[in-house]
Structure formats: C-alpha cells, structure tokens
Amino acid sequence: MNRLGVNLRVVAALGRRSVRQTFRRPQLFAPILVFPTLLLAIQTGGAGGAIELEGFPQVNGFLDFMLAGAMVQACLLAGNSGGIALAVDLEMGFTDRLFAAPISRFAIVAGRLAGTAALGAVTAVWFIAIGLIFGATIEGGVAGAILVLALVALSAMAFGGIGAAVALYAGRASVVQGLFPLVFVILFLSDAFFPANLMLEPAGTIAEYNPLSLIVDGIRELVVGGLDAGAVAEALAAIALIGGLSIALSAVALRRRLRLGA
Amino acid sequence: MTGRVEVAERRFSLRGDMATVGLLVRRATNEILRVPGAAIPGVLAPTIFFLGLTAVFGGLTQLPGFTADEYQSFIIPISLLQGAGFTGAATGVNLARDIEQGWFDRLLVSPAPRPVLLAGMVASASLRSLIPATFLLVVGFAVGVSWPGIGGLLLAYFFVMGTGALAACWGSVIALKFKTQGAAPLMQAGMFVLILTTTAYAPLELLQGWLADIARINPVTQIVEAIRQGFTTGTITWGETWPGLVAMLALLIVLGGLALRGMNKTAE
Amino acid sequence: MRAIEVSGLEREFEGAIRAVDGVDLEVAEGEIYAFLGPNGAGKTTTVRMLTTLLRPTGGRALVAGHDVVDEAAEVRRAIGVALQEAALDPLMTGRELIALQATLHGLVGAEATRRGDALLARVGLAQAADRRVGTYSGGMRRRLDLASALVHEPRVLFLDEPTTGLDPVSRKAIWEEVAALNREGTTVFLTTQYLEEADNLADRVGIIAKGKIVAEGTPASLKAEVGKPHLEIGLADGSAAQAERVCTAFGRRLPEKEGKVLVELEGGAAEVAKVVRALDDAGIAVESLDLVEPTLDDVFVAKTGEHLEGDIEQAPAAAEAG
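Taken in order, these protein sequences are the chains called A, B and C.
Basically my numbering = 1-based index in the first sequence + 847.
Basically my numbering = 1-based index in the second sequence + 11.
Basically my numbering = 1-based index in the third sequence + 126.
Derived by calculation from the structure, the hints in this document are not laboratory data.
Some clues are possibly wrong.
Said to hold, decoys possible - Heads up, simulated BS3-like pairs for lysine-lysine below, C-alpha to C-alpha not over 30 Å straight-line:
#1 K336/C to K276/B
#2 K188/B to K336/C
#3 K349/C to K386/C
#4 K336/C to K190/B
#5 K190/B to K400/C
#6 K354/C to K400/C
#7 K276/B to K383/C
#8 K429/C to K386/C
Stated by the list, open to error - If you anchor each label on the Cβ, the simulated ranges turn out as follows:
#9 E152/C to R272/B: 31 to 39 Å
#10 G48/B to A142/C: 41 to 49 Å
#11 S263/C to M29/B: 30 to 38 Å
#12 E322/C to A1095/A: 55 to 63 Å
#13 R1019/A to R272/B: 20 to 28 Å
#14 F870/A to T145/B: 53 to 61 Å
#15 D196/C to G268/B: 40 to 48 Å
#16 N326/C to F870/A: 43 to 51 Å
#17 G113/B to A375/C: 42 to 50 Å
#18 E279/B to E322/C: 50 to 58 Å
#19 G113/B to P294/C: 22 to 30 Å
#20 A49/B to R944/A: 45 to 53 Å
#21 P47/B to F870/A: 26 to 34 Å
#22 E322/C to G113/B: 23 to 31 Å
Predicted model, so just to flag it, every value in this text is computed and none were measured.
A virtual CB, placed ideally from N, CA and C, is assigned to each residue, including glycine.
Make a model of the complete structure from these sequences and hints.
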C-alpha cells in the first residue's frame, strides 16, 4: 500500500477511536449534545417572545432561529472535548506509541480532527431532528439539510484544530479544559443566540465582525431562508479562515512538541 | 496500652461533630487553594454567563410586559444560583472521585455519624458558593446592576448558600448511586434544569407555553423571585420572600433526605 | 471473648456472583490472623463486611463482640482499618490526615494533637508530617495509612494487603510495626497474597479460594499437613542409583528433579545429619544438599489444585505515580 493509503487508514482508525471514546464517556458526550440541547430548549422557551421585537428577522419561530446557534455551540464544545481527549492521550503516553509508528505525525492530529468532524455531523443530524420534531422547518429542503450537515462537520473540524493546537502546545488536559468558559465568551459575542442588531453594545458590534457569526448565518439561512449561495460561501470562507489558522497552529505546536521531545 | 478503654468508650459530642464538619470543609478548600488555577473556571463561568446573557438577551426588556428596566438586574439572580449550583455539583463530582479512589471508605469505617459526614460536604459547598457569587456581584454592580439594599444582598447570599447546599445534596445522591465520576453530567444537568426551567430569562407571562407550565410549578421559581425582588425593585417584602424560603426548605429536606438515605445504603 | 467470630458469612453480588460463600472463622484476642489467597478469592469482600463497609447477604459476624450489621457504630469504634492501596488524599499533609482521622474518631483538642504527633514519630514520618501526601513514596503512604488506623488505639486492626506493591525494605518496616503493635495487645486481621508475609507474621493462617476457606491453622501445622520436608541431593555423575538405594531407608523417594535425587524425610528435618552420614559411609560424593520445607503454596496446591502465585507480582505502580 502506498504511504497516502496507509495514512488515510490511520486517520480513519483514529477518527473512529475518538468518536467511540466520546460516546463511551458521558463527561465527553454530555457537553456536545446534552447541554446544548437543554440550553436550546430553555432559551427557546424563555426568550421565544423575542421574535415580536422590532428588527427581529422574519422567521417561522424562535426555534428555527436558534437551531444554527445550538449546532455551532455543539461544534465548539466538540472541538474543546477533542482537545481535552488529545491532551489526555498526551499525558497518558498514548500518543508516544503513535509517534513511534512509521506514519505521518500529522495523521495523528488529522485522525482526531476527523473524529471531531464526524461528531459535528452527528450533532447536525441531532439538531435537525429536534427542530423537525418540535415544529421547525428547514427552508432549504433536503439539499439545505445536507449543506447544513457539511457546514457543521467542517466547522467542528476547524474548532477541533484550535483544541488540538492548545492540547499539543500545553500537553495538559486541565489547560484545554480551562478554555471551556472561553467557548461561551466567543458564542455570546456572536449572533449565535440573538440577532446582532438587537444585542446590547458593544457586544452587538463585535458580533457583526465575529467570523463565528458568518458561520452561524450560513447555517441559519439554510434553515430559515432557503438555499442562499452567498451566505454559504461566506460561511465556508469563515470556516476556511478559522480552520486554516487552527490547523497551521496545530502543525507548529506538533513540530515544537516533537522537536522538544516532550 | 494505657488509655485504650478511655478512648474506646468516648461518646460523640457536639464539639466532636462540629470539629469533623470543620475538618471536612477544610479538606474541601484544598481543592481550590492547593491546585493552582483550579478555582478560576468555576469563578469566571457564572460571570461570563451573566455578561453574555445580558449582552445577548438585553433587548428582551423592550417586550411589552417585561418587569425590569435593565436586563442585568433581572438576570443576575440566575447567574448567582447557577454559580452556586455548579459549585455544589462539583462537590458531588469530588465525592464520586473519593468513592472511586477509596477515600470515602476511610470516612465510612469511622464511627462519625453519617449525617455529620454529609454535613461536612454540604457545608463546604455552601461556603464555596460564596466565592463565585461575590465575584459576580462585584462585576454586576460595575456594569449597572441595581443596588438591592443590604437586606436584598443578604437575602441573595442566603439563597446562594442554600442552593450550594441543595446542589451538593443532589450531587451526593447521584455520586452515591452511580459511584463514578462518569455521572458528573447528570449532577450538572440536574441543577441546570432545576435553575433554568424557571422565570430565568423572562417573566412568567412572556415564557412560551411549556416552559411557563414548568416554571409555574418549579419551586426554584419562588427562590429566583425572592432574590430578584431586591435587584429589580430595591425593596424586600415578606410576601415575595416567604415562598422562596419555603421552597428552599422543602427542597433541602427532600434532597438532604435522599442524600442521607444514599449514605446509609453505601454498604448494600 | 473472641476478637472476631464469623459464621456462615456470605456475600452475593448482582448476577448471583458469590464472592464470599460461607466463611467460618474465629480470631482470638491478641492474635495475628492472615487471610491468604489470590486476587478475587474473596479476601477484600470479607474484610469489607467485617469493617461494616459491606452488608453480608448471609451469615453473621461479630467484631470485638459487636454484630457488624446491627451494631455497626460500636464495631467502627473498636476497629482500625488500613484499606488496600492506601486511599490517601494527595493534597493533604500527613499531619492533616492524622488530625482528620482523630476527629472522625471523636478525639479533639490537645489530646488529638499529642496522639497524632506520637504516631507520626512512631512510623518515622515526623520529618515529612507537613509535606503533602502527593510527595510521599509508596512505603511512606502505607506507613501513614497504618498510623491513621491507630489514632484511636483500636482493639482490632484490619490491614487489607498492607504491603502489596512495596519494595522489600518498606515491606519489612511494615511487618516490624505490625508485630510490635501485636505485642502491645492489638489483634490483627490481615489479608495478603504473599506467602512470606503470612508465614512470617501470622499466628494463624486461613487460606481462601473462590469464597471459601479451604484450610486453616498455624503456618507450621498447615505445612505439616501437606507433607514432610524433603532433601534435594545433587551428586557427581553415575552415583545416583547408589544414592537412591541409600536414601530409601529414610523415607519415600520423590521423582527426580533437574538431575537431583529427592527424598522425603519421614522423621523430619532432624534426619538430615543421618542421611549425610549414610551417604558418606557409602562413599558417595555429594555436590549439593538442600532441605526443602513445604510452603503455604504447597498447602494451597494440595487444597485447590492451583498455585497461589501468578498475579502476585502485579505491583500497583500507577497508585504510586500520583
């Protein structure tokens, strides 16, 4: 088998492992699905009256509006969880075993990211299902749902890159765990939960420029508006920006780790 | 060996029980004082949520029928309770860890009465929950939360400590049942649901149907409203306070009872 | 009064697994009783029942004259317990742990402090008393655990695998301490998977396998039960047949091992000199001579058909890493 083939198999095997690991440990699994779902339910019930506010975009219901935010939140948390799991692997010496194997070192990180992307896809399916069950409509139809799935999986991978970079740099699970509050800072400073134009200042202005808002908008448009090439393209651009940056950072952190032999 | 009989026949005294509670509380403080940085996320998280919720949902006050002028004064009771809830749940996680690692057996083979052991855990959660609450209040007043009056402030602290105790009881029930840290999300999710399925984000009249129904019967709604009165109106009335006190007492009796039952069933 | 009286003790777990299946035993006051058996034999389950941590599903147990179920509080007051793998909090200092333990047993104030200091000194941890347990070595942790079990001067001391995973020097230190405590009058019930430990320390040994006691007695009587000591005689080439003829006079001949002639000594170890003299008289040159006493493992093999050894060397290194 050629080297690319070997590496792809490694990526797939490690990806499968990371998904399995997540579903076997409630501590990893709950933040990705359970908490965003609870928060979605409570925010929809608690702030649902907001669609009456002047300036709120035209939507069928507040739940339709909130789905994109819940998915992006789940992706960010999946990225964080993936980082924690990678750091645990580093702490326990599991990665040493992999580093010693005749495979591309980056395949190890790529495997973790592939797993995170798969988890992202799972959350997309989950929240689309929740949405449909509780009366939301996917205006983009089947094609729109598939595009949602792709965007969510790709953003999970991009956020996973940040988690991986921190894990590789620090090598300690507690440090990656410490990013948890930061995830919410980024979320609250985007339009994940509310239209940016109705948020208080200065958060509203920050949300306008937060690349995360572009991702949320791209997914949201497919749910509440319909197939909108422009919004999807903007979301993809934001994912490429974050993903490119995070994967480059991971590569640097990985090189540094291997050079230092830590 | 001299003194054997004397020691063996020693009766347990209030002084001894208080000393046990005190030392268990002191041990719990090690978790935050002796692990560098361990306290930071727990202290920051409620404040981040408070600032975030205010920024995001602040516009809700413009809805007709909203009962407060500034959202920060309306939402701060929720963040106070959430901070206490998560601190208390962390006590449950620590108990699960102690059970996993065998430390808890050390307490159980001692003759100290089980309620005293439980009291040690609950008291530590109660006291620890003051830390995120105080940080949150300082930040809150800095960003324009209305002054609730001394009475309102003391009432808020009282309910924060009560909620910390409540969450510790809940966390202990789960820890004693499942005996693994894997149950941690259940401890957190339980408090999360209990505190947020109330008039957390908006007044009862503005909640969507199902949430309004739950909030109406959730006793924590009474606690939320009891704390909220000071921040939104600046005055404390007995009529707004006593339902919260009753709710807190009832929840403590139920969850404390369940936790104690769990303590007594560890040998089964 | 017996320190421990157990009859028909049973513990069944979910799925009808009988970890302990009808154990009867008695331990006299002032005795050291060792419970010997491999991993999973039911040792720890028995100790957990005797120390009130686990409720029996059948049978009855009295410790220090009190029923472990109905009078759990009285039992707890009379016993000291050092559990397997020393569950210690790495964030506490040794002194803090002892203080907590004293408080848990109702000792407060100056008396508790004095007692704690004396115990820390006794187990050689006075210097390390204010260091965090996380920095202790495996041996130090076990000694601290032992000290903490002694804070209230218990009448019966339970030690669950007190030396598993320890190096020989630390193991020796624990043995000496346990022997000293026993001389002062403390009854000791210990579990172990080490033959040497039971042999050295215990007045009486109970051998447990699959939840049942398969043999019980003093180490010497148990060994005597399975057989007599035997001699292993190494010889120069060619004289084996002649030596065997000479040795038959002293007892049963055992199958040859590694070219050595093995003979059971009917009259016990006292016959060694006679064997040597007889071989010498016959003009046979002896290259080596070993007197082999039966071991508790032989007892175990005789009773269960399996060796006790096997998973003995699994040192709990992970527990010491933290």
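Here is what the structure says about each hint:
Restraint check for K336/C and K276/B: satisfied, since their Cα atoms lie roughly 26 Å apart, inside the 30 Å limit. Between K188/B and K336/C the CA atoms are separated by roughly 28 Å; this keeps the pair inside 30 Å, and the hint holds. Pair hint K349/C plus K386/C holds up; C-alpha atoms about 23 Å apart against a cutoff of 30 Å. Taking the CA atoms of K336/C and K190/B, the gap is about 26 Å. The hint holds against a cut of 30 Å.
Between K190/B and K400/C the alpha-carbon distance is near 64 Å, which puts this suggested pair outside the 30 Å criterion. Proximity of K354/C to K400/C is assessed by CA-CA distance (about 16 Å); at most 30 Å being required, the pair is judged to hold. Restraint check: the Cα-Cα separation between K276/B and K383/C comes to about 56 Å, which exceeds 30 Å; the hinted pair is violated. A hinted pair counts as satisfied when its Cα atoms are at most 30 Å apart, and K429/C with K386/C qualifies at roughly 27 Å.
The hint said 31 to 39 Å for the Cβ distance between E152/C and R272/B, and at roughly 35 Å that hint holds. One distance hint, 41 to 49 Å for the beta-carbon pair G48/B and A142/C, holds here, with the actual separation near 48 Å. Distance hint check for S263/C and M29/B: the Cβ-Cβ separation is about 35 Å, which falls inside the suggested range of 30 to 38 Å. Taken as a hint, the range 55 to 63 Å holds for the pair E322/C and A1095/A, whose Cβ atoms sit roughly 60 Å apart.
Between R1019/A and R272/B the beta carbon distance is about 39 Å. The supplied range of 20 to 28 Å is therefore violated. Separation of F870/A from T145/B is about 39 Å and departs from the stated range, judged on CB atoms against 53 to 61 Å. At about 23 Å, the beta-carbon gap between D196/C and G268/B misses the expected band of 40 to 48 Å. Between N326/C and F870/A the beta carbon distance is about 50 Å. The supplied range of 43 to 51 Å therefore holds.
Range check, G113/B to A375/C: about 58 Å between beta-carbon atoms, so the 42 to 50 Å window is missed. Distance hint for E279/B and E322/C: a CB-CB separation of about 36 Å, inconsistent with the stated range 50 to 58 Å. For the hinted restraint 22 to 30 Å between G113/B and P294/C, the CB-CB distance of approximately 25 Å keeps it satisfied. The hinted range of 45 to 53 Å is not satisfied by A49/B and R944/A, whose Cβ atoms lie roughly 30 Å apart.
A hinted range of 26 to 34 Å for the beta carbons of P47/B and F870/A is consistent with their spacing of about 32 Å. Checked against the hint of 23 to 31 Å, the pair E322/C and G113/B passes, with Cβ atoms roughly 25 Å apart.
In the structure shown, a violation is registered for the earlier hints numbered 5, 7, 13, 14, 15, 17, 18 and 20, in ascending order.
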